[in-house]
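Go by the hints and put chain B onto chain A.
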Amino acid sequence: MPTRSKDRESPAAGLPAPTEDTAALLRELVAHLRQNRTQLREEWARRITRAQLLTAMTEEEIFAEATSVYDNYVEALETGTFEALQAYARNLSERIIPRGVETHEVVGIVLLLRDVLARSLFGKYHEDFDKLNRILDAYEPAANRIANTVAVGFVQERERIIRQQQEAIRELSTPVLQVRERLLILPIIGVIDPQRNRQLTEQLLRAIRTNRAKVVVIDITGVAAMDSNVANQLVQTVEASRLLGATVIVTGLSPEIAQTLVTIGVDLSEMATVGDLQGGIEEAERLLGYKVLPLEEVTPKG
Amino acid sequence: MEVPILKQGQNLIASIQSALTDADLSQLREALIERVGRFRARGVIVDVTALDVMDSFAVRTLRDIAHMARLRGAETVIVGIQPEVAFAMVQLGLTLKGVATALDLEEGLAFLDRAGQAGLDRPRGRIERA
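Residue numbers (my numbering), protein chains in the order written: chain A, 1 to 302; chain B, 1 to 130.
There may be inaccurate statements among the hints.
Among the chain A residues that face chain B by a calculated CB cut under 10 angstroms, a handful are [stated by the list, open to error]:
| id | residue |
| --- | --- |
| 1 | 204 |
| 2 | 205 |
| 3 | 213 |
The hints are simulated quantities; they were obtained by calculation from the structure and are not laboratory data.
Quick reminder that beta carbons are idealized off the backbone N, C-alpha and C, glycines included.
Chain A extracted, bound-state conformation:
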């Protein structure tokens, strides 16, 4: 009899090693599940639809996925190894996460499959209660471990995607642009947290030095909310820029932000603020001594 390999890094460690007896029972079980594959699979897909899980997918897609999940499930039960299942769970997650499938749905369908299969075992062995008991003893730990593996795989994949997106956002987040000689603009979009503020300030200070900027317009139209922490970070950025000899103009404070800041009592009197980006650039041009005129007014007529 072949010894079964055990998956050491599976999340549900600490299961009793399957004895020869349970191995035999599992083989019997697998044979049963293979035999009734079509019928059980259909029953499972029906219950998925009835429970209104995987609503982001069409019925055909659910059935196709259900088939491969079923086969992988049975295979994991048969071999007792979970690597293949883990890989499949990761692959499945990669495909379905972008479509908006939620964690509870994935866990839900695997638990449904576990129940459907358990029911079918009840049906087959209901006459021999003792045997049913032993079959379930062999089946339940393995089934729970499968559910665990799939759920962990899904969550890990989701976390990986979230980390990836965070990095992408961070890289994209802070362009420092020169609009005129010695005039920079820094549009801030999204949430300012201490880490991002640090990165943003460092980038701005470097840009001030390399571009020899005298005036910086920071536009925060894209910042949805602000609390005292964020406001103080902004003040720090302004102060640091001033230490390098650049004047900072902050533009685009929304009415909500203005109200919040006054209500919570943040003092921004040190900061030059102008209503919108256009006004900020105009003010900056004035500070730099530029005057923008329509061409007709500059060129003499005649």
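This is chain B only, laid out in the frame that chain A set:
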């Protein structure tokens, strides 16, 4: 190490070359304030480009120099603060309030020129608004 103080027209330029002890800083302060009177200087520039750390004593001394020089009739500009130093300073709450700053020596001189033209109506601590 003593900081050399150069006279250029109506301005005094103190260029810090290496890290300074507290005693050096105090000595710099006294020398500058004394020379503002002796040379009838209208502007003082302290160049800190070479400093990669600035502690609270250094910042306070620079601020004191600016305020004392103003009492003696000269405007002070601190030039050449490194980006990393600026960031560290604001995090420690050392912001040189009321003291003019500029990117480098050239900018500092330009600032003092403008301040001189504006006569008694000088800007205090920030670029003048038209």
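Cross-check of the supplied hints:
1. 204: Holds: closest Cβ of chain B sits about 9 angstroms from residue 204 of chain A, inside 10 angstroms.
2. 205: Since chain B brings a Cβ to about 3 angstroms from residue 205 of chain A, closer than 10 angstroms, the hint holds.
3. 213: holds (8 angstroms)
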